[in-house]
Structures are given as C-alpha cells and as structure tokens.
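Just so you know, the sequences run in chain order A and B.
First residue of the first sequence? That's 1 in the numbering used here, and the numbers climb one at a time after it.
First residue of the second sequence? That's 1 in the numbering used here, and the numbers climb one at a time after it.
A couple of the hints might just be wrong.
On the chain A side, residues computed to face chain B include the following (Cβ under 10 Å) [said to hold, decoys possible]: (1) Glu7; (2) Gly20; (3) Met21; (4) Asn29; (5) Leu34; (6) Ser53; (7) Trp55; (8) Met63; (9) Phe64; (10) Phe66; (11) Met70; (12) Leu79; (13) Leu83; (14) Leu89; (15) Ala97; (16) Asn98.
Incomplete in silico selection of chain B near chain A, CB under 10 Å [to be verified]: (17) Leu29; (18) Pro96; (19) Ala120.
Listed next, the stretches of chain B that the computed footprint assigns to chain A, with coverage defined by at least 3 CB atoms under 8 Å from CB atoms of chain A [to be verified]: (20) 4-18; (21) 43-52; (22) 61-71; (23) 135-147.
Keep in mind that the hints were calculated from the coordinates and are not lab data.
Bear in mind that the values here come from a model prediction, so they are computed numbers and not experimental data.
Where is the CB? At the ideal position from N, CA and C, for every residue including glycine.
Each chain is listed here by its residues.
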Amino acid sequence: MNTIPVESGLLLAGILFVLGMISVLVRRNIIFMLISVEIMLNAAGLAFIVAGSRWVQPDGQVMFIFILTMAAAEVSVGLALILQIYHQLKTLDSDAANRMKG
Amino acid sequence: MQVTFYIAATIAVLSTIMVITRYNMIHALLYLVVSFLAVAIVFFALGAPFIAALEIIVYAGAIIVLIIFAIMMLNLRAESVEEEKVWLTKEVFIGPAILSLILLGEMIYIIATSESADVAQRMVDAKAVGMSLYGPYVIGVELSGILLMAGIVGAYHLGRQKKKVVHRFLEKIEE
Numbered sequence: 001m002n003t004i005p006v007e008s009g010l011l012l013a014g015i016l017f018v019l020g021m022i023s024v025l026v027r028r029n030i031i032f033m034l035i036s037v038e039i040m041l042n043a044a045g046l047a048f049i050v051a052g053s054r055w056v057q058p059d060g061q062v063m064f065i066f067i068l069t070m071a072a073a074e075v076s077v078g079l080a081l082i083l084q085i086y087h088q089l090k091t092l093d094s095d096a097a098n099r100m101k102g
Numbered sequence: 001m002q003v004t005f006y007i008a009a010t011i012a013v014l015s016t017i018m019v020i021t022r023y024n025m026i027h028a029l030l031y032l033v034v035s036f037l038a039v040a041i042v043f044f045a046l047g048a049p050f051i052a053a054l055e056i057i058v059y060a061g062a063i064i065v066l067i068i069f070a071i072m073m074l075n076l077r078a079e080s081v082e083e084e085k086v087w088l089t090k091e092v093f094i095g096p097a098i099l100s101l102i103l104l105g106e107m108i109y110i111i112a113t114s115e116s117a118d119v120a121q122r123m124v125d126a127k128a129v130g131m132s133l134y135g136p137y138v139i140g141v142e143l144s145g146i147l148l149m150a151g152i153v154g155a156y157h158l159g160r161q162k163k164k165v166v167h168r169f170l171e172k173i174e175e
C-alpha cells in the first residue's frame, strides 16, 4: 500500500486552516493577523491541490495559481495599510485603529 | 511517497503551531518558511511539482521576504516582544481555540464518515496546467491581471509618505 488516502490530505488542509483561524482570532498584533491570513489561504490552496490530484485534473492547480495571485495582491496592499497605520498611530495594536479619522 | 507525505504533513502542522505561539515576529516568519517548504513537499508527493516550485518561489521567496522588509521598515524596538507577551497570554487562546477545534472535529467527522478514496499519484505537469490556464480559464488570468494592477496602484497610493515641509515659522503638511 503505497498510496495516500484523500482524507489525510483534506485533514492536513483543515488542521492548517484551523490553526490559522485560531491565530487570527487570538492575536492583537496586526502583522501577525496578516501572517495568519496567509496560513489560511495556503491551507485552502492545499485543499484544491488534493482535490485536483484526486481526479488527475489540472483545475485544482489552476485554482491554486489564482489563490496565489490573490494572496500576493492582498499582502502588498495589507502591508501598505499597516505601514500607514503605524505611522499614524505609532503602534501595531489593531484595537488602536478603531477610530478611523482620516 | 506515503511516508514522505506523512513526515512533511507533521512538520507542516508543528511549524504552524510554532508560528502561532511565537512572540518575536521574525522567529514566527522563519517558522512560516519551514511550514511553506513542508507544504511544498506535500504538493510534490501529491503529484503537483509545478505548484510545489511555485509555492517555494512565491510564498517562501516573495511574500515572506516582503513581510520581513515591511517589519524592517517599521524599525520595531525590542519592547515590541514584551508588548506581544502582554497581548498574547494563555487565557486569550481558550475561547477561540475551543470553538475552532469543535468545528475541526465536525469536519473530521464528516471526512471520516464519507466514502474513502485514494489520491491517484499520477503527475499533472506544468504543460497540462498551462493548457488549462490559457484555455478554459483565460478569463481568470485576465481578472488576475486586473487584480494585480489594482494591487500595485493601491499599494503605491497607500504606502506613499506625505511630504512634510517644515517652514521656519509655520509647520504645515502638504497634500
């Protein structure tokens, strides 16, 4: 038996997603929240790859490339926002950004 | 291949746990690199070598380096680690962790009770992905281009520093 059951792949994706979700709920530091969102996106892509290799179709990998593109665009805009927040508020606490005055 | 998969999966889960429990940001990012490399090996074991290479190049190579550069630009002091220790205590983990683990348990139950199947370990190479990407999914490629363009313009606009002109008598901020 040298095969990988599809359940273990999906289980790995689920565990990684839940770890990222716990971190995004627990953290107050805004950079750590961005990192956790990256973990969650990566886990979602892993589920697509598992499904794509289950049916030997390239569609799962195509979806992963789209997720990758979205993650890259998201992290660049997110880091620009974090730099602005840090220059305005002098802290990385996400609770400090609750008053959105210009 | 099965042993490779399980070892890489274990390393991925362990290094992700290390990421979410670190106080120092750079340490967490280095553990995240390990996690992404382990997931790349999982992709290789599942028969997606092109995506494994892309994971290393884009995630571990580009996105992590971008975050590290942003942290360097913020010029954080040593107190930020102490501040993080105050924010991230054991008590704050309890509520979200229990609720998330209940959801994970439900998902494990759903996966375990559905019918089993094996991953067909035939390789889907870069040629098939490219043919699919520029065949039926070409609209997605175009939308990705628009998204990346919006990301570049948005990052430039948001990251621009406001020019501060200090006059001898009055200090005003232009724009």
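Status of each hint after checking the structure:
{"no.": "1", "hint": "Glu7", "verdict": "holds (5 Å)"}
{"no.": "2", "hint": "Gly20", "verdict": "holds (7 Å)"}
{"no.": "3", "hint": "Met21", "verdict": "holds (5 Å)"}
{"no.": "4", "hint": "Asn29", "verdict": "holds (6 Å)"}
{"no.": "5", "hint": "Leu34", "verdict": "holds (7 Å)"}
{"no.": "6", "hint": "Ser53", "verdict": "holds (4 Å)"}
{"no.": "7", "hint": "Trp55", "verdict": "holds (7 Å)"}
{"no.": "8", "hint": "Met63", "verdict": "holds (9 Å)"}
{"no.": "9", "hint": "Phe64", "verdict": "holds (5 Å)"}
{"no.": "10", "hint": "Phe66", "verdict": "holds (6 Å)"}
{"no.": "11", "hint": "Met70", "verdict": "holds (7 Å)"}
{"no.": "12", "hint": "Leu79", "verdict": "holds (4 Å)"}
{"no.": "13", "hint": "Leu83", "verdict": "holds (6 Å)"}
{"no.": "14", "hint": "Leu89", "verdict": "violated (12 Å)"}
{"no.": "15", "hint": "Ala97", "verdict": "violated (14 Å)"}
{"no.": "16", "hint": "Asn98", "verdict": "violated (16 Å)"}
{"no.": "17", "hint": "Leu29", "verdict": "holds (7 Å)"}
{"no.": "18", "hint": "Pro96", "verdict": "holds (4 Å)"}
{"no.": "19", "hint": "Ala120", "verdict": "holds (5 Å)"}
{"no.": "20", "hint": "4-18", "verdict": "holds (count 7)"}
{"no.": "21", "hint": "43-52", "verdict": "holds (count 7)"}
{"no.": "22", "hint": "61-71", "verdict": "holds (count 6)"}
{"no.": "23", "hint": "135-147", "verdict": "holds (count 4)"}
Of the numbered hints stated above, those contradicted by the structure are hints 14, 15 and 16, listed in ascending order.
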